[in-house]
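With these hints in hand, go ahead and build the complete structure from the sequences.
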Amino acid sequence: MTTTRTGTLGRTPYYVLTGGLAIIFLFPLLWSLAASVSPQASTGQVNGFGLGNYTTLFNYGAGLAQFLLNSAYVALFTVAITLAVSTLGGYAFARFRFPGRDALFLLTLSILMVPYATLLIPLYVLLNGLGLQNSLIGLSLVLAMFQLPFATYMMRISFEAVPRELEESALVDGCGTFSVLWRILLPSVRPGLITVGLFAFLAAWSDFFAPLILLTDSAKQTLPLAVANLRQQTMGAIDYGATEAGVVVMAVPCLILFLLLQRYYVRGFMSGAVKG
Amino acid sequence: MTPATPDHRAAPAAWWRLTWWRYRQLMGVAYAAPTVFFVAVFFITPLLLVARMSLSSWPLLTGNGGLNFPKNYLSIWKNALFGPAVVFTIEYTLIVTVLLIGLGLGLALLVQERGRWVDMLRTVILLPVSLGLAAASLLFWGFYSPSIGPINPILEQLGLIHDPISFLGTSLSALLSTSFLIVWKYTGLYMLILLVGLQAIPDDLFEAAALDGASRIQVFRHITLPLLRPSLALALILCVTGSLLAFDQFYILTKGAPDNSTVTVVQLIYREAFQKQNLGTSAAISIMVLVALLVLNTVQFRYLRSSEPGLKR
Chain S
1 MTTTRTGTLG RTPYYVLTGG LAIIFLFPLL WSLAASVSPQ ASTGQVNGFG LGNYTTLFNY
61 GAGLAQFLLN SAYVALFTVA ITLAVSTLGG YAFARFRFPG RDALFLLTLS ILMVPYATLL
121 IPLYVLLNGL GLQNSLIGLS LVLAMFQLPF ATYMMRISFE AVPRELEESA LVDGCGTFSV
181 LWRILLPSVR PGLITVGLFA FLAAWSDFFA PLILLTDSAK QTLPLAVANL RQQTMGAIDY
241 GATEAGVVVM AVPCLILFLL LQRYYVRGFM SGAVKG
Chain R
1 MTPATPDHRA APAAWWRLTW WRYRQLMGVA YAAPTVFFVA VFFITPLLLV ARMSLSSWPL
61 LTGNGGLNFP KNYLSIWKNA LFGPAVVFTI EYTLIVTVLL IGLGLGLALL VQERGRWVDM
121 LRTVILLPVS LGLAAASLLF WGFYSPSIGP INPILEQLGL IHDPISFLGT SLSALLSTSF
181 LIVWKYTGLY MLILLVGLQA IPDDLFEAAA LDGASRIQVF RHITLPLLRP SLALALILCV
241 TGSLLAFDQF YILTKGAPDN STVTVVQLIY REAFQKQNLG TSAAISIMVL VALLVLNTVQ
301 FRYLRSSEPG LKR
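Protein chains in written order, with this note's numbering: chain S, 1 to 276; chain R, 1 to 313.
The reader is advised that the hints may include incorrect statements.
Claimed, not checked - Residues from chain R that keep clear of chain S, each with C-beta distances beyond 12 angstroms, as calculated: (1) L18; (2) L74; (3) L94; (4) I95; (5) L205; (6) L211.
To be verified - If you want a taste of the chain S side facing chain R, the calculated C-beta under 8 angstroms gives, among others: (7) P39; (8) Q40; (9) V85; (10) L107; (11) A117; (12) I121; (13) T177; (14) S206; (15) P224; (16) Q262.
Hint data in this document are derived by calculation from the structure and do not stem from the laboratory.
All values reported here derive from a predicted model rather than from experimental measurement.
Just so you know, even glycine gets a beta-carbon here, dropped at the ideal spot from N, CA and C.
Printed below as a string of structure tokens:
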């Protein structure tokens, strides 16, 4: 009896501490959801609870639908490019020997070492030269480049973890290297593909600095940029309600994806941590 | 015509093997080609371009106006905002790094064991990591605001304060409020990195230490900390680099206010380029940041690799 009592007493501070932590981490998220539907003077939701702030967001500028579409377009395009380039590149680095292989791999990783701003200022000029100024495709290409170090590294170690015997018999049977990749290797590296895709999506969906610099047309803005601009353009009183509604719209896909794919998320960081 | 040699039958095989090897090499190059393209066009070219811009007069609207070295670099020293921005960025980096690594390590130790409660706690701490930094900054922009922020009403209800706290009003409160946002958003990431490092330490080391009667503090100092070094190094480099390049959070929360006291170096690069419309000086600051970062990361790497594990605390 005494042991159970001291046992529970001994655990109580632990539960108080961890419970308090859970509240601190959850509170801002729950608050933003509440604030987006709560009544507040000089917002789209003055009396009672409701979706007035979301209506404001829907009608702002080119409209929420347009910004969502822009963000989705950029995110999906970035994911597609990142997956294609890093899968082919990872396959090349893991399974082939060719001149300059190690130098190219190091060069790809070194993208991480260069500050974002250092590359974006010249990229602004460069994309103008390529006729990709102010375009969602140009933005996606740039975002995919920033994903390459992690993605290429991830796909390389994923391919290296697949036993060679799996593809050797197929090669002996006269299968081409591409059909080996497509039919035999891709199913085996699915966790790597999901991790790379998830990270590329989250990064592209949420990025702020690259769209801020590369997009000038307000109808082409992605969601984070549009919501950040929304608060400045409201004359007089600042519309906090619509801002928090925008935060909720941005956060929901990230949180859902994270909860669904949590184990891949953890795996992604594991491979990074092992490397260090 | 050709005289028959003993190699007669081996030659085609060797030839075949050579072409096969050649073929593999060629295929390797082909599969790496998209990576080469991306690295060349979107990484190497901009790097060369930014170097050239930093040596040239390059107004935003009219483009390249020819070499003017060393004017852009000299103008950095005349920029009244540069010194304060460097100092502020370093202050911010120190605060955030100490908090993130310290809290990350503490939380990693706290959520080490498995169990339903711990798994849930881990998930909750990781939730803000999946959020974008801009979204999190906008969230806290409302959270800290005098009109809808929840903290002041709660504290007033509890009778703890009489006048509302101004979270972004002074340079110190803005620095601390922004640091809290970053800690809230990123602690989970550093917890995860250090947790993976903790789980890579073999259990028998802890068992052996327990058999030898080592105290918890001794185990932490002489086993956990030295063996956690690679993960700590990764966390430190990520954290220092990320904080030195801070932009989104200050751009959204403070815009440099009050009185330009919260302008970071990257904000300065942005202002030079798009407000003063001078890509030349902007590029010059970028190059300086790049060099500083390379030096710093090399030093961090050397130090963390070379120092004897277990001797330093």
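Check the structure against each numbered hint from earlier and tell me which ones fail, lowest number first.
7
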